[in-house]
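Enquirer: Use these hints to put chain R onto chain X, whose structure you have.
Number of protein chains: 2
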Amino acid sequence: MQKPSIPKGTRDFTPQEMANRNYIFNTIKDVFRLYGFQQIETPAMENLSTLMGKYGEEGDKLLFKILNSGDYMNGLADDELLGRNSIKLTNKISEKGLRYDLTVPFARFVVQHQNEISFPFKRYQIQPVWRADRPQKGRYREFYQCDVDVVGSDSLLNELELIQIVDEVYRRLKINVVIKINNRKILSGIAEIIGEAEKITDITVAIDKMDKIGLEKVNEEIASKGISDEAIAKLQPILKLSGTNAEKLNQLKTVLADSEVGLKGVSELETIFGLCEAMKVQTTIELDLTLARGLNYYTGAIFEVKALDVEMGSITGGGRYDNLTGVFGMEGVSGVGISFGADRIYDVLNQLNLYPETSQEQTRILFVSFGEKELMYCLPWLSALRNKGVNAEIYPEPAKMKKQMSYADNKRIPFVAIVGETEMKENKVMLKNMKTGEQSLASLEELVELV
Amino acid sequence: MQKPSIPKGTRDFTPQEMANRNYIFNTIKDVFRLYGFQQIETPAMENLSTLMGKYGEEGDKLLFKILNSGDYMNGLADDELLGRNSIKLTNKISEKGLRYDLTVPFARFVVQHQNEISFPFKRYQIQPVWRADRPQKGRYREFYQCDVDVVGSDSLLNELELIQIVDEVYRRLKINVVIKINNRKILSGIAEIIGEAEKITDITVAIDKMDKIGLEKVNEEIASKGISDEAIAKLQPILKLSGTNAEKLNQLKTVLADSEVGLKGVSELETIFGLCEAMKVQTTIELDLTLARGLNYYTGAIFEVKALDVEMGSITGGGRYDNLTGVFGMEGVSGVGISFGADRIYDVLNQLNLYPETSQEQTRILFVSFGEKELMYCLPWLSALRNKGVNAEIYPEPAKMKKQMSYADNKRIPFVAIVGETEMKENKVMLKNMKTGEQSLASLEELVELV
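Just so you know, the sequences run in chain order X and R. No gaps in the numbering here: position 238 of the first sequence is 238 in full-length UniProt numbering, and each next residue is one more. No gaps in the numbering here: position 128 of the second sequence is 128 in full-length UniProt numbering, and each next residue is one more.
Just so you know, the hints here were simulated from the structure itself, not pulled from any lab data. Take these hints with a grain of salt, some might be off.
Note that the list lumps identical chains together, so a pair holds whenever it fits in one copy or between two copies.
Keeping only pairs whose Cα atoms sit at most 30 Å apart, straight-line, the calculated DSSO-like set for lysine-lysine is [unchecked claim]: (1) K400 <-> K199; (2) K137 <-> K400; (3) K400 <-> K373; (4) K92 <-> K306; (5) K3 <-> K88.
The following block holds chain X by itself, in its conformation from the complex (with noise of 0.2 Å):
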């Protein structure tokens, strides 16, 4: 007999699992809506030759990919089997994946639909990703992703609207959160001074570890990865930038006074604060040029939300990008949009406790069950209710009182119905409020208004 298990890296979701989930994702739909955004869905399985090349070389080891069907053995040459190489054997048994986050199916989907979707393109995207990392804490091999993207505009509006967003989907769901920005233009302007442009990668990681190590260390690290002593004494004004937003844009305009791309990356961000504060954005938006979230994808603003009160990762992250669908043959298609990671959110949530108590997914009633008599009692009770759009079930055979008031308890259902001979005289039942153990005889029309 086998002892039943389900993949590493997986998780099945029990009921009040899924109300929780059920409320993060409703939460995120709701304001997703409210801006307009509409929801697309694509297959899990993708062509490999879509998936291929798009997420570095170990994305493409990290993909799940899917055996052909029927005899894919056949044709294979003696020298390609016993060459056992599982990479280039996999292009030959396998030429679909599951897909490993929704930008590249979104991307794909672009293309394909151009000539339907009107533009500016505003979509939201609610699916399960695989990726077959190697499971940890917090580190799953399937897991949602939440995205929301506007293609097809390269207003700073659009920038703004995610920020409400976030504003908006974390104040509902009570995290407090800061979000960090900060702009690849800034970024490129920065190498562009120091005239080390293929250096600013290791520039961003060093600079992030100014609060840990000091800007002593910091310096001795960028120089060990063998950048000039002059691009350094340039470097440093923007080490030691600080102050609020407004300030730190400031100094970078002295600094990148001659770098007409770094000075576009400042005014973009002058232009979204200006937007955030005149729309009364209440979460901290903080500049953070240490943010270099997929360097050579972004093109503009990048975005990153952490959670205050929990140790975790960035639970939302996005940026804005010049060249989404030019890998499929779509030239010239600007977006934005950024990805709310549903099950850290779903973690945070667990460790703060922040459920809310009751959920509308829930039963409100239960009929207890005694015998043939009262069942025929209570079913016209439970049709009446549920016309009225009120969740109600009988405990579908005459048990124990004790086992059915366990199963109330179990699925915190609030309210139980009881009945016996008196009831059914007076037309009435006896209502137990679960929470505090009151009971009172009640009509038809008491019970609708009550539960």
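Expert: Just chain R now, kept in the frame of chain X:
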């Protein structure tokens, strides 16, 4: 440059299609919850040891199998490789597969979580499944199932509630359907009476052709399967069964008088019909002895639902099973369940054009963009509307009026707000009803009211 495409048998869903699909899913979910069913989810990937051998030899072939990660060819012997036996090699290079239905994962779930769930366990599950079937009209390689099951109760009340759920779902979706019902015990009884237990499938296949080919040809077909003349003579009253459900059951009582299990089946159906009548189920329920879905699997009632106004296979089906979890080591768990085929329902609604005109997911109002000053005027209006829960958006950049209007048309946005000097001076907007073309000046309060 790659021309992007998706694997055959899979589909993308555009925003309009998603709104239509969500209408189906939400309708089904709402009804499931009204009856106290709770949602679970299981991973897309299951261990092949969980899936293999559960769907017959053909089913095993139709499973999508995931290639092991890493150097999966390593360690395979020369003769294994050169044998090129795809089936044998699959066991060596793949240990996970995509779920084929929701029933086996559910059985696995119940066994694995038996100590966390309270029985009777009423669960629903709405997730995609994958089958490497040859794609054709109405048959996809990725499609959604919506399963609803009660396990751990053999009360016929559960059968009633599933019928009520079917009745309510299709009433809400406005699809005219007939519910066909049979009972596995009656089929066993028939086999017992005529002494041809193992020929029951041949017999039901033949009975199924009665309408098309008539009694004589049906008898010929049965005889051709090697069934004795005596048995065929005993079958005649069953083949000639006619009248109302009650009349049919009465005739069956006579025919099956010597079969205990057969009479049990008749009595179960009588109870179910009685309950349906008491609860005023509106949908026609038809006793259909040819209904024999998954004969080896079901042990009591068998259901199937057909749409009346469109050519389409069964759109919902299910039945009672007495040993769902036995294969995973948990014996004696009786259950009953049905599965709604969301993709077929989607096709039916498309054919009959039965979607509601407006969807809660749509944007209600678009603000037209003219320039900086108008933008700053409009943004607080947008916020105010969103705070009232109104889905609202602004065209993100100043573009030609015609372009903005056709954007609203394409997204089926019912209202457009236009702002110029006059409106700003009066603290109003010009509201255009996109359906009627009517325009009127509106204050914020009036806007919330109208939209």
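Enquirer: Would you mind marking each hint as holding or not holding in the structure?
Expert: Consistency of the hints with the structure:
no. : hint          : in the structure
1   : K400 <-> K199 : neither (73 Å within a copy, 43 Å between copies)
2   : K137 <-> K400 : neither (42 Å within a copy, 51 Å between copies)
3   : K400 <-> K373 : within (17 Å within a copy, 71 Å between copies)
4   : K92 <-> K306  : neither (43 Å within a copy, 43 Å between copies)
5   : K3 <-> K88    : between (35 Å within a copy, 23 Å between copies)
When each numbered hint is compared with the structure, violations occur for hints 1, 2, 4.
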